[in-house]
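> Sequence:
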Amino acid sequence: MDEQVVGWLHDVVEDTDITLAELRAMGFTTEQVLAVDAMTNRRGEPLTDSMARVMADAIAPRVKRADVSHNADPARLALVSDEATRARLQAKYERTAGLLDTTLPDILAEFEVPSRLV
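Last residue of the sequence shown: 127 (the working numbering), numbering continuous.
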């Protein structure tokens with residue numbers, strides 16, 4: 010349940026005016042709010058620091074892997090028309106997977122995302 014809640018909320022703080030305190034006041038648990046905080050991108054923060062924060066949380070690592078599986082879905086990346094952008098994103102997702110102590114193919118398999126376009 011916590012992973013689902015955090016999955017739904019993981020971009021809320023960075024994409025809206027809602028704060029972590031407001032999430033807590035809305036009734037989300039401390040653990041859920043801490044995981045959302047762990048998932049929230051901070052401007053200018055290196056990817057290594059961001060992923061270290063994710064890995065330090067009890068809930069966030071699996072949610073982040075699910076997020077990566079969605080973002081790195083080959084069918085989704087195929088929609089990116091600029092080859093340089095597609096390659097940059099692919100490299101970012103592969104690096105992110107490594108910082109999550111796994112590989113991109115393993116993340117795609119974990120969430121049953123086809124690793125190749127048919």
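Rather than coming from a laboratory, the hints here were simulated on the basis of the structure. Treat the numbers as computed from the prediction; the structure is a model and nothing was measured. Each hint should be verified, as a subset may be incorrect.
Distance windows between CB atoms, simulated [unchecked claim]: (1) T38 <-> S124: 20 to 26 Å; (2) W17 <-> L108: 31 to 37 Å; (3) G53 <-> E121: 32 to 38 Å; (4) T39 <-> A84: 21 to 27 Å; (5) T28 <-> G53: 18 to 24 Å; (6) A34 <-> A96: 39 to 45 Å; (7) S124 <-> G53: 28 to 34 Å; (8) E119 <-> R51: 32 to 38 Å; (9) L29 <-> L108: 21 to 27 Å; (10) G107 <-> A84: 18 to 24 Å; (11) L98 <-> R51: 30 to 36 Å; (12) R104 <-> A65: 17 to 23 Å; (13) A67 <-> P114: 21 to 27 Å.
C-beta: ideal position from N, C-alpha, C; glycine also.
> Does each hint hold? Answer for all of them.
Status of each hint after checking the structure:
no.: 1; hint: T38 <-> S124: 20 to 26 Å; verdict: 34 Å, violated
no.: 2; hint: W17 <-> L108: 31 to 37 Å; verdict: 23 Å, violated
no.: 3; hint: G53 <-> E121: 32 to 38 Å; verdict: 35 Å, holds
no.: 4; hint: T39 <-> A84: 21 to 27 Å; verdict: 37 Å, violated
no.: 5; hint: T28 <-> G53: 18 to 24 Å; verdict: 19 Å, holds
no.: 6; hint: A34 <-> A96: 39 to 45 Å; verdict: 43 Å, holds
no.: 7; hint: S124 <-> G53: 28 to 34 Å; verdict: 32 Å, holds
no.: 8; hint: E119 <-> R51: 32 to 38 Å; verdict: 26 Å, violated
no.: 9; hint: L29 <-> L108: 21 to 27 Å; verdict: 23 Å, holds
no.: 10; hint: G107 <-> A84: 18 to 24 Å; verdict: 23 Å, holds
no.: 11; hint: L98 <-> R51: 30 to 36 Å; verdict: 20 Å, violated
no.: 12; hint: R104 <-> A65: 17 to 23 Å; verdict: 18 Å, holds
no.: 13; hint: A67 <-> P114: 21 to 27 Å; verdict: 25 Å, holds
Hints 1, 2, 4, 8 and 11, counting from the list given before, are not met by this structure.
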